[in-house]
Amino acid sequence: MNEHVVSSSLPAAAFILPLAAGALVFIGKPLGRWWWQGLALLASLATAVIGAQMVAAAVRGQVLVTWGNELRVDALSALMVAAISSIAFLATLYSMRYIMMPAVQERVGTEVVQRRLPTFYGLLLWFLGTMLWGCVTNNIIMLYVAVEATTLASGLLVAFYWDRRGLEAGYKYLMLLTIGIIFALFGCVLIYAAAAATKQLVGAQPLLISEVRNVIKFIPRQTALIAVAFLVVGFGTKAGIAPFHPWLPDAHAEAPTPISVLLSGVMIKMAAYALARTVSIFYPSWPQITLFLVALGAFTMVLGILMAVVQDDLKRLLAYSSVSQMGYVVMGIGLGTYLGCYGGLFHLVNHAIYKALLFMCVGSVIYATGARNIHELGGLGKKMPITSACFFVGALAISGFPPLNGFMSKITIYLATAEAGMWWATMIAIFTSVLTLVALVHTAYTVFWGQPRSEKVARAEVREVPASMWVPMAILAAACVVLGIFPQAIYPLLDKAAAVLATLAK
Amino acid sequence: MNAPAQVFNVELIRTLSMVMVITSVGAVEVRNLRFSAMAYSVQALLIVWLLAAFAAGNPALYWWAGTAFVTKAILTPLFLFLYIGKTGDREVRPVIGFGPSVVVAGLLMIGFYRLTHTYVHLLAPSELAQQEVFRTNLAVAFTVFALGIYSVLTRRDAVKTVIGLCLLENAVHLSLVSLAPELRETALFGIATEVVVTVYLLLYVIAGVRKEFGTTDTFKLSELHW
Numbered sequence: 001m002n003e004h005v006v007s008s009s010l011p012a013a014a015f016i017l018p019l020a021a022g023a024l025v026f027i028g029k030p031l032g033r034w035w036w037q038g039l040a041l042l043a044s045l046a047t048a049v050i051g052a053q054m055v056a057a058a059v060r061g062q063v064l065v066t067w068g069n070e071l072r073v074d075a076l077s078a079l080m081v082a083a084i085s086s087i088a089f090l091a092t093l094y095s096m097r098y099i100m101m102p103a104v105q106e107r108v109g110t111e112v113v114q115r116r117l118p119t120f121y122g123l124l125l126w127f128l129g130t131m132l133w134g135c136v137t138n139n140i141i142m143l144y145v146a147v148e149a150t151t152l153a154s155g156l157l158v159a160f161y162w163d164r165r166g167l168e169a170g171y172k173y174l175m176l177l178t179i180g181i182i183f184a185l186f187g188c189v190l191i192y193a194a195a196a197a198t199k200q201l202v203g204a205q206p207l208l209i210s211e212v213r214n215v216i217k218f219i220p221r222q223t224a225l226i227a228v229a230f231l232v233v234g235f236g237t238k239a240g241i242a243p244f245h246p247w248l249p250d251a252h253a254e255a256p257t258p259i260s261v262l263l264s265g266v267m268i269k270m271a272a273y274a275l276a277r278t279v280s281i282f283y284p285s286w287p288q289i290t291l292f293l294v295a296l297g298a299f300t301m302v303l304g305i306l307m308a309v310v311q312d313d314l315k316r317l318l319a320y321s322s323v324s325q326m327g328y329v330v331m332g333i334g335l336g337t338y339l340g341c342y343g344g345l346f347h348l349v350n351h352a353i354y355k356a357l358l359f360m361c362v363g364s365v366i367y368a369t370g371a372r373n374i375h376e377l378g379g380l381g382k383k384m385p386i387t388s389a390c391f392f393v394g395a396l397a398i399s400g401f402p403p404l405n406g407f408m409s410k411i412t413i414y415l416a417t418a419e420a421g422m423w424w425a426t427m428i429a430i431f432t433s434v435l436t437l438v439a440l441v442h443t444a445y446t447v448f449w450g451q452p453r454s455e456k457v458a459r460a461e462v463r464e465v466p467a468s469m470w471v472p473m474a475i476l477a478a479a480c481v482v483l484g485i486f487p488q489a490i491y492p493l494l495d496k497a498a499a500v501l502a503t504l505a506k
Numbered sequence: 001m002n003a004p005a006q007v008f009n010v011e012l013i014r015t016l017s018m019v020m021v022i023t024s025v026g027a028v029e030v031r032n033l034r035f036s037a038m039a040y041s042v043q044a045l046l047i048v049w050l051l052a053a054f055a056a057g058n059p060a061l062y063w064w065a066g067t068a069f070v071t072k073a074i075l076t077p078l079f080l081f082l083y084i085g086k087t088g089d090r091e092v093r094p095v096i097g098f099g100p101s102v103v104v105a106g107l108l109m110i111g112f113y114r115l116t117h118t119y120v121h122l123l124a125p126s127e128l129a130q131q132e133v134f135r136t137n138l139a140v141a142f143t144v145f146a147l148g149i150y151s152v153l154t155r156r157d158a159v160k161t162v163i164g165l166c167l168l169e170n171a172v173h174l175s176l177v178s179l180a181p182e183l184r185e186t187a188l189f190g191i192a193t194e195v196v197v198t199v200y201l202l203l204y205v206i207a208g209v210r211k212e213f214g215t216t217d218t219f220k221l222s223e224l225h226w
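Note that the protein sequences, when read in sequence, are chains P and C.
The numbers in the numbering used here rise by one with no breaks, and the one at position 404 of the first sequence is 404.
The numbers in the numbering used here rise by one with no breaks, and the one at position 137 of the second sequence is 137.
In isolation and in its complexed conformation, chain C is listed as follows (with noise of 0.2 Å):
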């Protein structure tokens, strides 16, 4: 069972990891949308590069890797990119401000590697999974996904919250690629699941929302109520 593992480049993939974290940090926090997207786009190659490095061990993987390519550094940069150049790119000032999101950030990165560390029985079924790499994968993964809900919670602007979508997306992937690196199947299961058509929809209605209330303030959306 040792052997796949040595196939992957343990060292590359954890860097990947953690910079991922960076990532969506700035994706979630930085004011303006231009840079924010940007933030974004870089996040989305960190994990098609990810994905390229396990699919040293598992040669199907570079498939996913290329739709995730198109997918998530190219097309949904670009449907951000064409929204924000139409309707302005500062957000909408959030609930929750820079300095006490940095601290939730670093505080959820902490507790998801403990315990990922710790109960990483819980969620890999296979002995491989819960080899190191796959576990710093896992706890990048969650940090993500807890980073993607932070941001649909507390950014008002929707054009944020939507970032937090890709997010989310992108967690689940990488948690993906960490449950079953081995099986062919992961990479089927990767490309079907994309959510850049859904990205796509959201920015044409919001770019509605724009037109209609004159702002991407979700908390301006309140004409139904109870």
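Chain P on its own, in the form it takes in the complex (with noise of 0.2 Å):
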């Protein structure tokens, strides 16, 4: 690999700068909203201006490290940091109208709200300090850790209403996530002995992943194949794969919407990299594990649509819809092939940018009506154009519409998966796509168009959100209209992480 090691800050600067924001939000606490949501919007947009940065750096073919190889950020890494940093700022910039909402108000009374805000942001800015941090470590120790720190940092945010309902969303995530993360900790620890009983590594090198890489052909292969397992259970609940997904629809319908936003569009895909990272060092030696991934693909995305076919809550319809589409992105990742961890990749910011756009949508609808199940609303468009259009532009592409970004991506992995031969997941992938037209769309017009089908929401005053709140859903969408007409401009930078990922070039 022709790659330009390059010694620099910035891998540190990236989550050290969100955490450090997050604990002076709460040193803050009696300063006032303009401070706390002021950082954290700060934070969020220099997080994002680093990511940029990474991303430049990738393109030129560099690896940033730091502290010798702790961190290290190439071309894969620097991808994650950009989508989760940008996503984190829009999330940010729509939370703040989105959290002084009067329904917000009533389901727990303005006095609570304000004493909470405070918490919100800074857990906020942990959160998103945890995610990038397991993106720029590359000792498989640090990111264990920090993909358990992702789950502390938003398991209050999840239970933020503190609600009956938030309540059982945030025991169920804080408990399923944690069994899930040790049966991770398992497989690491299995890599980990193996590594370092292989001989051929010196010092702290068994817990570098680039090191583990290595060696990987010396460890026996019922160990690896042991500690892939291990590693697909716990890396792959915290990504939403099925059959260990039933904590992700509550987390994400009951989190207040900005959460949702990052719970679905990034730290998911935070998790996914996770798996990638740490397995895809055995597909060389191991290529059956590619089936099995493929497989798992294939079962998570039809699991998924089907269950959120026959929903009536808005954000549970979208929660079922996004453990669907990281089926996607594992079947791409899970081929190992240069062209089946491009579409995988592709997808995964794809998904990132759309569903963070209807989520978004959706909680613009509970803004202005209160109401976030289908049989309440109705007729929504004519008073709210932005966000009907919004949605629209989101339902088309996460269903592969050309020529939006969702199609780009489906068809890398259909062609990917043809071209492995395997044309069973071809035919699930293109059989979801159908699915998930007719579920998301059919939402669509349900929602926007006809009539109010409620009491509640005909006699609402239903305006057209803040532009706070619509500025970030007009960009996402742009973002999936230029990404589907000009998939090429993402191309540089895929390009180079997609062949981070990509062991068996086929």
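FYI, nobody ran anything at the bench for these hints, they're computed from the structure.
Any given hint might turn out to be false.
[As the list claims (entries may be wrong)] Distance condition first, Cα-Cα at most 25 Å in a straight line; then the derived SDA-like pairs of lysine to any residue:
1. C:Lys211 <-> P:Arg33
2. C:Lys86 <-> C:Thr136
3. C:Lys220 <-> P:Asn373
4. C:Lys211 <-> C:Phe79
5. C:Lys220 <-> P:Lys29
6. C:Lys86 <-> P:Tyr161
7. C:Lys220 <-> P:Arg165
8. C:Lys86 <-> P:Ser468
9. P:Lys29 <-> P:Asn373
[As the list claims (entries may be wrong)] One-sided and incomplete, this derived list gives chain C residues near chain P with beta-carbon spacing under 10 Å:
10. Glu11
11. Tyr119
12. Ile149
13. Tyr150
14. Ala158
15. Tyr204
16. Val209
17. Thr218
18. Leu221
Each residue gets a CB set at the ideal place from its N, CA and C atoms; glycine is no exception.
Using the hints, put the two chains back together into the complex; each one sits in its own frame.
What follows is the structure, encoded as structure tokens:
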């Protein structure tokens, strides 16, 4: 690999900045909304800029390292950092007005929200920081710790409303994810012990993923397969892979919408990244893992969309659709070929964009009407034109409609599975796409066209949402269109990122 | 390769491991939450003692034994007792009763013992780790792991599920020290992967659940379904 290793402080800055900002928010609790929200906005903007710089470095062929080889940002990490930080910035911007929403105030009381706001923004920043830490670290223990830390930071955010539904979701979230991560811990333990036992590595090297990659062929087969199984269960739980997904619909639906945007839009991607990093090092020696991962991806995508189709609650529908789309990502990355990894990673980015968009639109609907069940809604398009247009763009994008971005990444995955000879996977993927189209577009016109279906919505004073909420939506919708028409825009980065993962170059 | 093994006090380590299984069953089974937490505390002390015993051959492990003492043997039981003090100490009736549970635990122990002794080469990559005391440790680790999962699946009381989680963590740590006992980084691995913060947060949320739902019975948490 003709990569150029450069020592830089960017990787460290990427996660230290939001963590420090979060601490400052907590310290500045008495200061007021301007401090908490302003700091959150600034910090997320700064991280987005850092992400952009990392992408520029990666496209130039550089690999950034800090503290020896402890933090290592190659094209794949740069892609993740950029995606996570930009979506986090948009979500923070969106939350400015959302969190002051009247319906929220009614649900829990104004004074309670005021009291909890600094916790919200502080934890949001820590959530962002821990996700970025996971993406820049090269150390297998720190990867585990970072993934666990994201669960901890977001646990209280999921339960934010602290009512029956929020608490139940929070408990299940923390419990199921921690159990899952302990499985991943055992997988990490096995890799570490096996790598150390090969006697090829010295010092702290068994902990560094880039080093372990070099000695994989010396690790006994059964140990490797058992380790992979545990890692898939562990990180797969967090990525929303079936059958470990049950925490996902509850958590994503009951969390405040800006948090749902982050959970569905970026956190599960980061878990998929952790899975890809740790499992892809096994591909060259044991190609049968790819079949297992593709099958798992297929199972996940079908289960997810079938559950989504029958949902009435908008947020649960989107959450199940996230499960389904993560199936695509795992299928793509699981193939291990260049085309498969390219498709999987492209889909990861695309899904982050349009899922964030869709959740924001649903949040706007909740903001305007106070309702989130399809059977209550209808006819919102006239009064909320921007939200309506954005939702349609998102629905068409997620269904893989040309010329939007979803089409580009899905077709790459179809081609990749066909090229690998797994026609059954291609057919399942196309079938799921059709179902997604049905579910999302049907939802779109039910909610935005026609007439309101309930008294509550008919009587509500429905207005378009404030600018701080529709601007992020518009930006994301524009990104869907641009990436769909010019998919080559992202090629330089994705090419290198896919090359990092694609070890079975076919 | 044999020299390091003789530094470890094999008999002590084996005894400690076996007793760990007993304390695990106790922690899972005992209805009175306070006694259950006490059984867990004993197990935490056992694992700290085990780490110290291993440290005879790998001094870096003394650091881990120290931090484990604080997090597993002091903080975790502290959080558990504080919580139990606030919310009462009878467990909600579980799905599977005492008798069958003990049978299950016994079967698991025997099953894993046989499994690890026959197939140890599948898991233990180094010569050292395949020798006697480590094999028993692995068997114990798997048993405790299985008991932890068992607790999470069959106990209705949310606190018992948290205790199950702690058991899972202890099991993985025991397997860590058994698979790579002679490396310095093992200590680092162990210190960094403590779940004490998770336990604290979980108990905090469960306290909220208790307040809202009036009970810690997880079967009653059914607002969200489908």
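Do the hints match the structure? See the list:
For the hint pairing C:Lys211 with P:Arg33, the CA-to-CA distance comes to about 29 Å; that exceeds 25 Å, so the pair is violated. Taken as a hint, the C:Lys86 and C:Thr136 pair is broken in the structure, with Cα atoms around 39 Å apart against an allowance of 25 Å. Between C:Lys220 and P:Asn373, the direct Cα distance comes to roughly 24 Å. Compliance with the 25 Å bound is thereby established for this hinted pair. Between the alpha carbons of C:Lys211 and C:Phe79 the distance comes to roughly 18 Å, so the proposed pair stays at or under 25 Å and holds.
The straight-line distance between the Cα atoms of C:Lys220 and P:Lys29 is roughly 36 Å, outside the 25 Å bound, and the hint therefore fails. A threshold of 25 Å between alpha carbons decides the hint, and for C:Lys86 with P:Tyr161 the separation of about 22 Å falls inside it, so the pair holds. Using a Cα cut-off of 25 Å, the hinted pair C:Lys220 and P:Arg165 holds, with the two alpha carbons roughly 12 Å apart. With a C-alpha separation of about 43 Å, the suggested pairing of C:Lys86 with P:Ser468 is violated against the 25 Å cut-off.
Simply put, P:Lys29 and P:Asn373 have alpha-carbon atoms about 35 Å apart, too far for the 25 Å limit, and the pair is violated. Checking C:Glu11 against chain P by beta carbon gives a least distance of about 24 Å; that is not within 10 Å, so the hint is violated. Interface hint status for C:Tyr119: upheld, as the beta-carbon distance to the closest one in chain P is roughly 8 Å, under 10 Å. The interface hint given for C:Ile149 holds, since its Cβ lies 8 Å from the closest Cβ of chain P, which is under the 10 Å cut-off.
Hint on C:Tyr150 is violated. Least Cβ distance to chain P is approximately 12 Å, over the 10 Å limit. Given the 10 Å rule on beta carbons, the hint for C:Ala158 holds: about 7 Å separates it from the nearest Cβ of chain P. This hint holds: C:Tyr204 has a C-beta 8 Å from the nearest C-beta of chain P, less than the 10 Å allowed. Look at C:Val209: its Cβ gets to within about 5 Å of chain P, closer than 10 Å, so that hint holds up.
With a cut of 10 Å, the hint placing C:Thr218 at the interface with chain P holds, because the nearest CB-to-CB distance is about 8 Å. The beta carbon of C:Leu221 is positioned within 10 Å of a beta carbon in chain P (closest approach about 4 Å), and the interface hint is therefore held.
Figure legend: structure checked against the earlier numbered hints; hints not met, in rising order: 1, 2, 5, 8, 9, 10 and 13.
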